[in-house]
Amino acid sequence: MKFLRDALDKVKPHFEKGGKWEKFYYIYEAHDTLLFAPNHTTKPKGAQIRDAIDMKRMMMTVIIAMIPCLLFGIYNVGYQHFLAIGQPDAGLLDMIIVGAIQVLPVVVVSYAVGLGVEFAFSVIRQHPINEGFLVTGMLIPLVMPPDIPLWQVALATIFAVIIAKEAFGGTGMNVLNVALTARAFLYFAYPSQISGNVWTYIGADNQALDGFTGATPLALGATTVETGEKVVTSLASYGEGWADGLYSFSNMFFGFMPGCIGETSTLMCLIGAIILIITGVGSWKVIVSVFAGAYGMGWLLNLLAVNEYMAMPAHYHLVIGGLAFGAVYMATDPVTAAQTETGKWIYGLLIGMLTVVIRVFNPAYPEGIMLAILLMNVFAPLIDHYIVIANKKRRLQRATV
Amino acid sequence: MSKFIKLKKGFDINLAGKAEKKIAEVGQPETFAYKPTSFHGILRPKLKVKEGDVVKAGTPILFDKTNDKVLHAAPVSGEVVEIRRGEKRKILEIVILADKEIEFESFQKYSTSELSTLTKEAAIEQMLAGGVWPNIIQRPYGVIADPAEAPKAIFISAFDTHPLAPDFDVLFKGQEVAFQAGIDVLKKLTTGTVHVNIDADAEVSPVFSQVKNAQINKFSGPHPAGNVGVQIHHLDPISKGDVAWTVTPFGVIQIGKLFLEGKHDASRVIAVAGSEVSKPQYYKTYTGASIKKFVEGNLTNDHVRYVAGNALTGEKIAINGHLGHFDNLLTVLPEGDQYEMLGWILPTTKKLSFQRAFGLLSFLNPKKEYVIDTNTKGEPRAFVQTGVFEKVMPMDILPTYLLKAILAEDFDEMEALGIYEVIEEDLALCEFVDVSKHEIQEILREGINLIQYS
Chain R
1 MKFLRDALDK
11 VKPHFEKGGK
21 WEKFYYIYEA
31 HDTLLFAPNH
41 TTKPKGAQIR
51 DAIDMKRMMM
61 TVIIAMIPCL
71 LFGIYNVGYQ
81 HFLAIGQPDA
91 GLLDMIIVGA
101 IQVLPVVVVS
111 YAVGLGVEFA
121 FSVIRQHPIN
131 EGFLVTGMLI
141 PLVMPPDIPL
151 WQVALATIFA
161 VIIAKEAFGG
171 TGMNVLNVAL
181 TARAFLYFAY
191 PSQISGNVWT
201 YIGADNQALD
211 GFTGATPLAL
221 GATTVETGEK
231 VVTSLASYGE
241 GWADGLYSFS
251 NMFFGFMPGC
261 IGETSTLMCL
271 IGAIILIITG
281 VGSWKVIVSV
291 FAGAYGMGWL
301 LNLLAVNEYM
311 AMPAHYHLVI
321 GGLAFGAVYM
331 ATDPVTAAQT
341 ETGKWIYGLL
351 IGMLTVVIRV
361 FNPAYPEGIM
371 LAILLMNVFA
381 PLIDHYIVIA
391 NKKRRLQRAT
401 V
Chain U
402 MSKFIKLKKG
412 FDINLAGKAE
422 KKIAEVGQPE
432 TFAYKPTSFH
442 GILRPKLKVK
452 EGDVVKAGTP
462 ILFDKTNDKV
472 LHAAPVSGEV
482 VEIRRGEKRK
492 ILEIVILADK
502 EIEFESFQKY
512 STSELSTLTK
522 EAAIEQMLAG
532 GVWPNIIQRP
542 YGVIADPAEA
552 PKAIFISAFD
562 THPLAPDFDV
572 LFKGQEVAFQ
582 AGIDVLKKLT
592 TGTVHVNIDA
602 DAEVSPVFSQ
612 VKNAQINKFS
622 GPHPAGNVGV
632 QIHHLDPISK
642 GDVAWTVTPF
652 GVIQIGKLFL
662 EGKHDASRVI
672 AVAGSEVSKP
682 QYYKTYTGAS
692 IKKFVEGNLT
702 NDHVRYVAGN
712 ALTGEKIAIN
722 GHLGHFDNLL
732 TVLPEGDQYE
742 MLGWILPTTK
752 KLSFQRAFGL
762 LSFLNPKKEY
772 VIDTNTKGEP
782 RAFVQTGVFE
792 KVMPMDILPT
802 YLLKAILAED
812 FDEMEALGIY
822 EVIEEDLALC
832 EFVDVSKHEI
842 QEILREGINL
852 IQYS
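For the protein sequence lines, the chains are R and U, in the order given. The numbers in this note's numbering rise by one with no breaks, and the one at position 4 of the first sequence is 4. Here this note's numbering runs 401 ahead of the position in the second sequence, where the first position is 1.
Isolated chain R (complex conformation) (with noise of 0.2 Å):
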């Protein structure tokens, strides 16, 4: 490899300063350490040692984390359309070739235009490119639906790049989630587009089956609130004739239901989870809390029930909409997150609790999982703060001793 190292050293003096190139100098920096680690040494002074761990390393565990919920993805955006227009016997090739193609595309467009964004500001602003979109731009794919057009992808990652993170200073500046307010974006910009038939990608020349209605768990419980037929019920009833039991518990909790790319699957989103806290890149206290918040809440509303979606049993609340994806990917990011240990139990169970009780009593807003995390975001600094106080109140009333 010392040829391309060679190749490298010959192209730097350009981007140095002084050089021709010397505004893209970060450019070729991001080339250059991504291809080989720097040959950066210790001060002086201090630690003449350092752990072998760096930002590349760590934000590339959050992204192996996420394959499984990519490949997942794929194969049940290519299952799903099978089965809406009828032909659920379709060989499992097909069905990844289909769901290759709606997706694959999404995940290009949000990598290519997020990284353009990210270079420009590097050369605008002259601060390296940063690690974190390499998990942003993952995650934005996993949360749009699959029908979801290039265009506002594009455009969703263009408005959450700049104005959740570059406005912010970059990536460990910013205050919101950056995946999550893409998502958000496209969720109040355009909302007709995101909402209704969007989540089964059912294709131009395809006609949907009878009985297809591109309704999602979480919007035939919110029906139940009118209807008053038992949520359980409306959700085993569903697709009867053309997908028997598409949305029975087991189908929901394996994620072969529609819905966005990369969410619909609960058991994806552990194995997520268990790489992320084996490898501790992810709190698993912010996973369990999330979790115990959403079980917690929902059981609450099974005590207080005045209508049939509050008494839908509490574990459904775990397996349908994107709540594990949430919790797992979104609400463990450590710069939105609260950074304190206690805090991230509080910050943790509020958004489990938000979420429940978005679902159930905001008609406006069949998910709550983003809307939660986005707001926990904003009181993660506050509940720090509370968190930080007692720690100086436990120095100050030694002093006193």
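Don't read these hints as lab results, they were simulated from the structure. One or more hints might be untrue.
What the hints assert, rightly or not - Derived pair list, reagent style DSS-like, types lysine-lysine, alpha-carbon separation capped at 25 Å:
| id | chain 1 | residue 1 | chain 2 | residue 2 |
| --- | --- | --- | --- | --- |
| 1 | U | 423 | R | 45 |
| 2 | R | 43 | U | 419 |
| 3 | R | 45 | U | 419 |
Use these hints to put chain U onto chain R, whose structure you have.
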């Protein structure tokens, strides 16, 4: 009331090249240096000697104009051959070409029984004149103690948990009497307790375990259990307005010898260790020794970094450099100035990481020794990861918030978040594990300077 404290947080960095427990013979180095840079807070150093002067061991060679009672003494006798200066003429090293036979300035001698009747004032006077006072370091700030101050307690850490740290049993063997005399003298300086903190997880040298006139506390756990700052935090923490003193065992022994033998004795044992040393072992020498003799012909590789002190808090020196006042270890590390193709992602078992994202299976082999070079293993980034500093910090302190308060120059926050309790070495592990590769020790010292001088 002696205490037993078990610490769970922290991390032992197991470097390859531990010094073998034997004292090797090698010719005495030709030059020794006194390095004012070993101390913090020397504001206006004034030399008492110039190049060409002849000094004895214990001759005052330097003092600080802002604290002029504290004299700094030559560690060995000989001729001052060079005053090395850095930027803005800062004094870096006062180099002495040592005599073959060391001559000593003579000070008053005391027998053990006379020591018990010695007054505090007389003790301080002799310590200042004999040049042993700079061994006493004050907390907060980690600067040389002010003789006019009365500390609430004095703390002595009798073990070292840093990477490749020398075994104190080898360093201080047979120094029981001098150590006890030093403790007796220090006891006069405080109204509170003298704490001697020993390692609960290893055999303790009789130098420390038999000591009287002091409270012996046991500490168990990974690094930084041996850091005196951590020990203070658990025994008698420092709040605003408190002053505590710390002394290293070498300092205690040097103080003891000044009273028992009437001389400034800078003789000590040092360890030369590290993966690049062919024969890592101990040597008998004096404070401030030139490292050349110990490493010439004793290396497996010549692309190395010489570190005066340990790999976490030490300082890079040249081959003709000298050890500092507090250094009992020379660490030789491979220089890491090479590129590594996809080095940040390739799986390997050769690199050490506290974080499981890298060293996932390292728990299977906890005793494994690692060769770590001086590469930063990544580029500086903003604070992203949370919670990891707290895992290596066995103190009730939130390092991230403290560091952010320092960067924001928020004095009240710094105080409230515990800046009085820490000096560089206490946050060195945070610097090691930091994914964002901040210069944490440097940031902390900036904060301490802000608090102290403004």
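Evaluated hints:
1. U:423 to R:45: Violated: residue 423 (chain U) and residue 45 (chain R) sit about 29 Å apart, past 25 Å.
2. R:43 to U:419: holds (23 Å)
3. R:45 to U:419: holds (22 Å)
Violated hints amount to a single one, hint 1; each of the other numbered hints is respected by the structure.
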